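Using the sequences and the accompanying hints, generate a full structural model.
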Amino acid sequence: MSANGKIGNIELLNKTLATARAENRAALIAYLPAGFPTVDGGIAAVKAALEGGADIVEVGLPHSDPVLDGPVIQTADDIALRGGVRIADVLRTVREAHAATGAPILVMTYWNPVDRYGAERFAAGVAEAGGAGCILPDLPVEESEVWRKAAEQHGLATVFVVAPSSKDERLAKITAAGSGFVYAASLMGVTGTRESVGAQASDLVRRTRAATADLPVCVGLGVSNAEQAAEVAAFADGVIVGSAFVKRMLDAPDEAAGLVGVRELAADLAKGVRSRS
Amino acid sequence: MSDDFFIPDPEGLIPSAEGYFGAFGGKFIPEALVAAVDEVAAEYEKAKTDPAFAAELNDLLVNYTGRPSALTEVPRFAEHAGGARVFLKREDLNHTGSHKINNVLGQALLTKRMGKTRVIAETGAGQHGVATATACALFGLECTIYMGEIDTQRQALNVARMRILGAEVIAVKSGSRTLKDAINEAFRDWVANVERTHYLFGTVAGPHPFPAMVRDFHRVIGVEARRQILERVGRLPDAVAACVGGGSNAIGLFHTFIPDEKVRLIGLEAAGHGVSSGEHAATLTAGEPGILHGSRSYVLQDDEGQITEPYSISAGLDYPGIGPEHAYLKDSGRAEYRPVTDDEAMQALRLLSVTEGIIPAIESAHALAGALDVGRELGPDGLLLVNLSGRGDKDMDTAARYFGLYDEGAGK
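As they're listed, the protein sequences go chains A and B. For the first sequence, the residue numbers in my numbering are 1 to 277. For the second sequence, the residue numbers in my numbering are 1001 to 1412.
What the hints contain is simulated information worked out from the structure, not anything from laboratory work. No experiment lies behind these values; they were computed from the predicted model shown. Heads up, a few of these hints could be off.
Counterexamples of contact, computed for chain B against chain A with all Cβ distances above 12 Å [to be verified]: (1) Asp1050; (2) Ala1054; (3) Ala1160; (4) Gln1228; (5) Val1354; (6) Thr1398; (7) Gly1404.
To give an idea of the interface, some chain B residues facing chain A are shown, with a C-beta separation under 8 Å as derived from the structure [as the list claims (entries may be wrong)]: (8) Ala1032; (9) Lys1046; (10) Ile1170; (11) Ser1174; (12) Ala1192; (13) Glu1304; (14) Gly1305; (15) Asp1331.
Residues from chain B that face chain A, not an exhaustive set, calculated with beta carbons under 7 Å [what the hints assert, rightly or not]: (16) Phe1028; (17) Phe1187; (18) Arg1188; (19) Val1191.
By construction, the Cβ of each residue, glycine as well, lies at the ideal position given by its N, Cα and C atoms.
Okay, here's the thing in structure tokens:
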């Protein structure tokens, strides 16, 4: 039970992933950082991705030291932080995007901002905003108990990341602790677009599925176009795209053009996840 | 004799199996690095009790590094420290010019044991980078060093040294373009290349097992110094002092003295333009608990957990974090940490140079500046041991500009 009454949208997330599975397709999950290029511009970008065809959005809470992100997301985080983005702005992004679209929204960030804000307070805030869960890629399962308790109490999913280097016994431990879905990193590396999605991804999805009875397995890192999305959709429950969306915003001459680009890319990728190659 | 240079923590009490020193430490790393970090921990556990590892490392420490390092009494300098007797532990006389080589040789041997062929490292002042490039040349390992762009400029001599040694030096242009950002970039490299790469971390921070392992490789500093001062003076010092950035030379000196309750442990951190100016790197004085680079410790951060940009004239201390064992020693009250400004450090650098003929690194000059105060507090009966962690050659351009030593038209 949530202390302040409002329960997070983990069920909505589960239902969205189940619906995609029932439709024999992968779900499309977009990542966009809050506060980039501005708070309102970031909210518009999240809405554009959802209107374009994304099923789920991960809203990034920018961090000063994004050690798992490549240059594209580093640049966006930098712009957002220099613009003065605060956690309240991130929560407003979740609230307005969810209210406008009814879609499940997760927050993705590094552990220190959550730890500093307070795990319980953060979980309550995300739930209150209508969020569905959090992804905290530098919080390993061994250190996650405090967070998981808070998330569970507030009806939020805790999505853990697994990597090609994860051994089978760790996959079992991580999937047992996680909820919502499992984020399978397609390759060993930081975020950013890649020419091809490595063969490691399908092997990791296979091993992760063997470790969990019910959690959907979604694949991220390196996916940037419809062909890659289709390729990943052939073996995964969801396709996660981040840097390619951010790049559309960064490369556009102005915000309006960037939003058009985000919408187009989402539509293109949505076709990809429906044409399992 | 040579078998007592590498002595892992004989108490073996901290950290815990999970890498905690009280409330600090742990392992906050992405899943992609868990296997590699666990491999380092397992290999180190094996190596720690392997006589062949100790023998090989000890041989290098004696015949390559030149251990034991000297203990030098500095009476003319001590006249400015209230007349207390002051001894310097001369880590500046090690091969490559600082304490960093102690840890680097240990981890380079581990790299070989793990069968990895490539080493990456971060560096601030360039001392860890030079030591790492040196060990990689010695062992035939591929070497990439990440260094903040600002630091490549203020420590240009060390960049040249690393390149002469065959290392690739990458100037990091993100964030504050200093040590913190070099570590971020090294982590990004490690995630992508972990299979054949060891991240030869240079200080007692980072995820478990690095804080304990790097400490163990530097314990030799205090072990030697304790024995040397007992031989020379016949008693333990009243206080031991060292500069702290990440904290490796300080923990190396302090650790042996922790059970000696009457010996005060004093860490000197970089106060830049003064703690109240906001432009400093005094993490234990002004920071709050948080997570940076894989462990929980004190961190310079804002109210929402964004890391704030540190500042120090000293590239090696210009870091917004600190090793978790120092956080533990601070909170337990066993050690004390004091801020030293740029100006105080630079005056101490010049004072040691003109009174004793020893030019210290700017990092180490922070410890010397702190020692002047501690000596005055102790009075003429005081006995003080200071770690001279590195030599100052690399800092001559900074010092020449600071003191206006270039002839007109010379310099840049």
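Now for the hints, and whether the structure bears them out:
1. Asp1050: holds (25 Å)
2. Ala1054: Non-interface label on Ala1054/B holds, nearest chain A Cβ at 30 Å vs cutoff 12 Å.
3. Ala1160: holds (28 Å)
4. Gln1228: For Gln1228/B, whose nearest Cβ neighbour in chain A is about 40 Å away, the distance exceeds 12 Å, so it holds.
5. Val1354: holds (41 Å)
6. Thr1398: The claim holds: Thr1398/B sits with its nearest Cβ about 26 Å from chain A, beyond 12 Å.
7. Gly1404: holds (36 Å)
8. Ala1032: With Cβ-Cβ at 4 Å, under 8 Å, it holds.
9. Lys1046: violated (19 Å)
10. Ile1170: violated (14 Å)
11. Ser1174: holds (6 Å)
12. Ala1192: holds (4 Å)
13. Glu1304: At 5 Å from the nearest chain A Cβ, Glu1304/B passes the 8 Å test, so the hint holds.
14. Gly1305: Status holds, d = 3 Å.
15. Asp1331: The hint is violated - Asp1331/B has no Cβ within 8 Å of chain A, the shortest such distance being about 17 Å.
16. Phe1028: holds (5 Å)
17. Phe1187: holds (5 Å)
18. Arg1188: This interface hint holds because 5 Å falls under the 7 Å limit.
19. Val1191: holds (6 Å)
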